[in-house]
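Trainee: Read off the chains here:
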Amino acid sequence: MGRREGLRILGAVAALLFPWVAGDYARFLAVEVLALALFAVSYNLLLGYGGMLSLGHAAPFGIGAYTVALLALRGGQSSVLVALPAAVAAAMLAALLTGLFVVRSSQVFFTMLTLAFAQMFYALASRWYAVTGGDTGLPGLPPPSLGPWTLSSGTALYYLALLLAGGGLWALWRLVRSPFGLTLRATRENPRRSAFLGVRVARVRLATYVVAWGWAAVAGALWAWNQRAAFPDTLYWSRSAEVMAMTILGGQGSFFGPVLGAALITVLEPLLNRLWEYWSLSLGLVVILVVFLLPQGLLGGRAERRRGRLGDVRGEGAGQRAGSGARSA
Amino acid sequence: MERIRPGRPRRAGRLAALALGLSLVLSACGGSAKPAGSSTTPASSGSAGQGATAAASTIKIGVLHMLSGPYALYGKYGSQGIQMAVDEVNAQGGILGRKVEVKVEDENGGTSHAVSSMRDLIQNWGAQFIVGVDSSGDALALVDVAKQLKTPMIVTHAATPKITGQLWNPYVFRVTTNSRSDAWAAAYIAAKMPITKWAGINPDYEYGHSSWQDFSSKLKELRPDVQFVDEEYAPAGAQDFSSYIAKVLQSGAQGVFSVEWAGDLVTFIRQAKGFGFFDKIQAFMDPVGAAIAVARPLGKEYPNGLWVSARYYFLAHDTPANNQFVQNYYSRYHEYPDYVSHEGYKAVYMLKKAIEAAGSTQADAVIQQLEGMCIDAPEGRDCIRAQDHQMFKDLVWGRSQYSDQYGMAVMTDMQVIPAAQVTYPPENKR
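Keeping their order, the protein sequence lines are chains A and B. Letter by letter, the first sequence follows residues 0 to 328 in numbering that gives the first Met the number 0. Letter by letter, the second sequence follows residues 0 to 429 in numbering that gives the first Met the number 0.
The shape of chain A in the complex, shown without the other chains (with noise of 0.2 Å):
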């Protein structure tokens, strides 16, 4: 135990000291990191938690920027804490009334579902040029403000990024360990089974998924500080793609698989990019090469050994091992 809370500790020292030591790309990219870390982990809760195959997530991401965007555009408010809960409750919203329709249905349909309305709220972004600056989006964002403080700087972008990325994974941590998160996993496993039991499936999926929107709003809500400006591509399904990819990447069995994940395809694609021109190729390789070989993602495979060896039946993430038919056990 004393060596992973020493790594733990050094972690947190690394993550606190980061903008001292980082250049201002990197310390652009660490924001971007953290932004999609928190992204991957609630679309997660979806995918690993929630059995729920979404193609619709870029929704809340590109609502969390675009209301952050609005609000100081359009409104000149440019205060986390006004602009933040601001983002998460119109995604929420956002969430209720789409979710209505979604969670009832299951596989295939709730993926087509869910990419439908994700390809409206698109439509209406780079559509309204009136309100949303159609497909130019909202360029100029000013930095955010915080109390009497313009987190004008990368490094003071980077602590509020930290602060709610960090405080977003504690949450959903939380949330997934909880009897809520245990009650999600047996919907998942065996829906028909979790009626019987008393579980109102469709509330509890409705509510999972109310949740994932809030918190990727506010990881869209940071990604558009950080670029300073919200696109209609932050809404397109390529960007729902590009975060199931994450997910699967680094492991949807695994709480913080998707972190590395997201970090992983986010340093990676500028580097790709300068190796060479084709670098959406050698991404689209990775995941492959990941699918085929470690079929549970990077870190899906040792929160596997872990609960084996430990023998840990309330392992991190949903129940990864693989092998035994015994599906209804």
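For the record, the hints were derived by calculation from the structure and aren't laboratory data. Every value quoted in this text rests on a predicted model; they were computed, and no experiment measured them. Quick reminder that beta carbons are idealized off the backbone N, C-alpha and C, glycines included.
Which residues of chain A face chain B? A few of them, derived with a C-beta cut under 8 Å, are:
(1) GLY22
(2) ASP23
(3) TYR24
(4) PHE27
(5) THR135
(6) PRO138
(7) GLY139
(8) GLN226
(9) ARG227
(10) PHE230
(11) ASP232
(12) PRO269
Starting from the known structure of chain A, fit chain B onto it as the hints suggest.
Mentor: Only chain B this time, still in chain A's reference frame:
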């Protein structure tokens, strides 16, 4: 109690991931059809050249161009022009005795990708200046990055009037004409035609919408009797223009104005020919239709008699300077310079002149020199307006005609719309 096993959703996830991976691969391959050539150009490979040996004293120019996707030919031609100028400058001893280094990054892949690429160039690679930018949509966001990172940026292609208008900031310069001047020039030509019913087929983003707005309002001003019977907008990268073509034909339009460009224009022309479009209407106008990036891929398929222009045209200036430029370019790349090649080439020389006049690469000093600066470019003397950093110049229009000599359609019956007619008062605040 949690003895649960991986269920079906996981398999679905795995399948979806596979599909996703495959589609990423396919999209990369699909996009590479055209840029394949660009990976062999000196522009792309030249960037790595100086690498480790380059001391801190090199001058670094970061280039953003479309290297993949439907606009990739422009990225290729633009990078070629820039690289040629940089090699010439280095051969003559560089700028202030310092070598110039260029690095080209791909602008394609959405606005946020372009923003990240620009940040990478400036904050990571150390670019002191940014040159290029093809998409107007990207440019609107990138000018803000230039301001944030205090890095002068010379736009050589993106044509939205806004970046030298309402979104202007001191770091942004444009050394080519913008879409308003282009559209106004088209209106002057159109006003002389004996037709009254006009329609538009334009790209469905900032550039297409504002160009149509500028063209139709100017034409109405010059010819109050014209009518606008239809306006169509096709998504960027559209593969299928047939519904827009059919609608315009049904509208009874006699003339059609379009600012479709690059790969989109190639696709559009091919499909429109299938409809007999160019025989049914009396005039088709495109301010960027004379681009080499369009004429080369179409070859003999290019219809004759279209009214086209380009922001620089290699055959329009029979001067020693231009002939030398065209000849050097041709002997190096075995192609004729496109307008983006010329504008990129010119941008490098403008930076050289400004840095030498300022005596340093310091951003504010260089900006001060660039404001109101004139340069003798291959096409002639070009000046940047001090107030809004916009360049206005004479625009040459002509009619397309296939030429065996050049192996592509070229402009004939050329006529000049003087800069004075397409110049408008500054719209920026400073």
